[in-house]
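Participant: Chains as they are written, first to last, in the working numbering: chain A, 4 to 186; chain B, 4 to 186.
Hints are supplied without guarantee of correctness; some may be wrong.
Said to hold, decoys possible - Below, in silico cross-link-like pairs of lysine-lysine (DSS-like), each with a Cα-Cα straight-line distance of 27 Å or less: (1) B:Lys183 x A:Lys183; (2) B:Lys39 x A:Lys180; (3) A:Lys175 x B:Lys39; (4) B:Lys16 x B:Lys62; (5) A:Lys95 x A:Lys16; (6) A:Lys39 x A:Lys62; (7) A:Lys16 x A:Lys39; (8) B:Lys126 x B:Lys16; (9) B:Lys62 x B:Lys39; (10) A:Lys126 x A:Lys39; (11) A:Lys183 x A:Lys126; (12) B:Lys126 x B:Lys62; (13) A:Lys126 x A:Lys16; (14) B:Lys39 x B:Lys175; (15) A:Lys39 x B:Lys39; (16) A:Lys39 x B:Lys126; (17) B:Lys39 x B:Lys95; (18) A:Lys39 x B:Lys183.
Since the hints were made in silico from the structure, they are not lab data.
There are 2 protein chains.
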Amino acid sequence: MTHYTKSACIRGKVLLLLALRYDLNPMIPNLELMAKAIQLSHESMNSLSGGPFAAIIVKDGEVISEGTNSVTAWNDPTAHAEIVAIRRACTKLQTFQLTGCDIYSTCEPCPMCLGAIYWARPKALYFAAERTDAAQAGFDDRFIYEQLTLPVHERTLPTMQTMREEAARVLKEWISKPDKREY
Amino acid sequence: MTHYTKSACIRGKVLLLLALRYDLNPMIPNLELMAKAIQLSHESMNSLSGGPFAAIIVKDGEVISEGTNSVTAWNDPTAHAEIVAIRRACTKLQTFQLTGCDIYSTCEPCPMCLGAIYWARPKALYFAAERTDAAQAGFDDRFIYEQLTLPVHERTLPTMQTMREEAARVLKEWISKPDKREY
Numbered sequence: 004m005t006h007y008t009k010s011a012c013i014r015g016k017v018l019l020l021l022a023l024r025y026d027l028n029p030m031i032p033n034l035e036l037m038a039k040a041i042q043l044s045h046e047s048m049n050s051l052s053g054g055p056f057a058a059i060i061v062k063d064g065e066v067i068s069e070g071t072n073s074v075t076a077w078n079d080p081t082a083h084a085e086i087v088a089i090r091r092a093c094t095k096l097q098t099f100q101l102t103g104c105d106i107y108s109t110c111e112p113c114p115m116c117l118g119a120i121y122w123a124r125p126k127a128l129y130f131a132a133e134r135t136d137a138a139q140a141g142f143d144d145r146f147i148y149e150q151l152t153l154p155v156h157e158r159t160l161p162t163m164q165t166m167r168e169e170a171a172r173v174l175k176e177w178i179s180k181p182d183k184r185e186y
Numbered sequence: 004m005t006h007y008t009k010s011a012c013i014r015g016k017v018l019l020l021l022a023l024r025y026d027l028n029p030m031i032p033n034l035e036l037m038a039k040a041i042q043l044s045h046e047s048m049n050s051l052s053g054g055p056f057a058a059i060i061v062k063d064g065e066v067i068s069e070g071t072n073s074v075t076a077w078n079d080p081t082a083h084a085e086i087v088a089i090r091r092a093c094t095k096l097q098t099f100q101l102t103g104c105d106i107y108s109t110c111e112p113c114p115m116c117l118g119a120i121y122w123a124r125p126k127a128l129y130f131a132a133e134r135t136d137a138a139q140a141g142f143d144d145r146f147i148y149e150q151l152t153l154p155v156h157e158r159t160l161p162t163m164q165t166m167r168e169e170a171a172r173v174l175k176e177w178i179s180k181p182d183k184r185e186y
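Turn these sequences into a full structure, and let the hints guide you.
Facilitator: Written as structure tokens, this is what we have:
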């Protein structure tokens, strides 16, 4: 374990003792895993594949997948670390649900990634840097969080609704579809 | 054009006339494209590849890509229609930015997809059904929107922050990195 995880280790142990003392259901981060993710984010940044972000997905102590931001290398604006890791984990586990998995992300997930995490339904999320840290480094995370809470007509993205009735008819058909596979 | 787009066509023309009358910069939806997307969402639902959603991306009148929800067919919780269409459009255009593109989605994008749309930076978004219609059909869109606005400790997803300082150090390094490719 590298030197910079020592203070975090002590913090982790103190949290665990407090949680046990007050009979809370403790979330115990695996600090070696988070340190590994931070190391990956650093390597990814230096390899010029994308932004300085990484994520690791683990289940029952076993690493299922790793992902690093690959937006610019892959020409894919959705290739954030968490999305890459989720897609790889689902391919490996042959499922679209990450039941029982923990996600470690080097940064608070942006709305796209947090949405993806909710759809994947893992057991828990551990993150390191905050959206404000990402914003200071020039990333739009905080801005997009703000945009999502605004009414459609107040957003910077020109947006218009049309043909709601016709599309809602298909959604209604889904409700009564007998052979659908829900997700 | 199928019969169910007629009322929408009239609505579109009225909107255009109003926009021109009041000297607004009008957003003019291409209703044939939205009707095509709705048709795709219906076909996708019946082919059991995923939920009843589709998206089309267009630039300068040319269709760049189509996407349908493929979550269950591909074992990929991120394979929503908009994400699929964005990734295909970016592959085709060899870019991670959809500058000048319009996105047509058969439903108001969920937070994951709206986040992806913001990262892709298209010109405009047109959508048909609302998040409430999706919720009525059993999809979590509205629930995830609500979760995203909550403080971390109030969310249903157990979440914990750790090692912020170490991760933020990498983000700070990114700021002064001379050869970075911003996105």
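Participant: With reference to the structure, classify each hint as holding or not holding.
Facilitator: Here is how each hint holds up against the structure:
Proximity of Lys183 of chain B to Lys183 of chain A is assessed by CA-CA distance (about 45 Å); at most 27 Å being required, the pair is judged violated. Simply put, Lys39 of chain B and Lys180 of chain A have alpha-carbon atoms about 21 Å apart, close enough for the 27 Å limit, and the pair holds. A hinted pair counts as satisfied when its Cα atoms are at most 27 Å apart, and Lys175 of chain A with Lys39 of chain B qualifies at roughly 18 Å. About 21 Å separates the Cα atoms of Lys16 of chain B and Lys62 of chain B, which keeps this hinted pair within 27 Å; it holds.
Under the criterion of a C-alpha separation no larger than 27 Å, the hint pairing Lys95 of chain A with Lys16 of chain A is inconsistent with the structure, at around 32 Å. Proximity of Lys39 of chain A to Lys62 of chain A is assessed by CA-CA distance (about 16 Å); at most 27 Å being required, the pair is judged to hold. Proximity of Lys16 of chain A to Lys39 of chain A is assessed by CA-CA distance (about 19 Å); at most 27 Å being required, the pair is judged to hold. Restraint check for Lys126 of chain B and Lys16 of chain B: the C-alpha separation of about 21 Å stays at or below 27 Å, so the hint holds.
A hinted pair counts as satisfied when its Cα atoms are at most 27 Å apart, and Lys62 of chain B with Lys39 of chain B qualifies at roughly 16 Å. About 20 Å separates the Cα atoms of Lys126 of chain A and Lys39 of chain A, which keeps this hinted pair within 27 Å; it holds. For the proposed pair Lys183 of chain A and Lys126 of chain A, the alpha carbon gap of about 25 Å is at most 27 Å, so the pair holds. Distance restraint check for Lys126 of chain B and Lys62 of chain B: the Cα-Cα separation of roughly 9 Å lies within the 27 Å cut-off, and the hinted pair is therefore satisfied.
At most 27 Å may separate the alpha-carbon atoms for a hinted pair to count; Lys126 of chain A and Lys16 of chain A meet this at roughly 21 Å. For the hint pairing Lys39 of chain B with Lys175 of chain B, the CA-to-CA distance comes to about 46 Å; that exceeds 27 Å, so the pair is violated. A C-alpha spacing of about 46 Å is found between Lys39 of chain A and Lys39 of chain B, which places the hinted pair above 27 Å, so the restraint is violated. For the hint pairing Lys39 of chain A with Lys126 of chain B, the CA-to-CA distance comes to about 38 Å; that exceeds 27 Å, so the pair is violated.
For the hint pairing Lys39 of chain B with Lys95 of chain B, the CA-to-CA distance comes to about 20 Å; that is within 27 Å, so the pair holds. At most 27 Å may separate the alpha-carbon atoms for a hinted pair to count; Lys39 of chain A and Lys183 of chain B meet this at roughly 22 Å.
Checked against the numbered hints given earlier, this structure breaks hints 1, 5, 14, 15 and 16; the rest are met.
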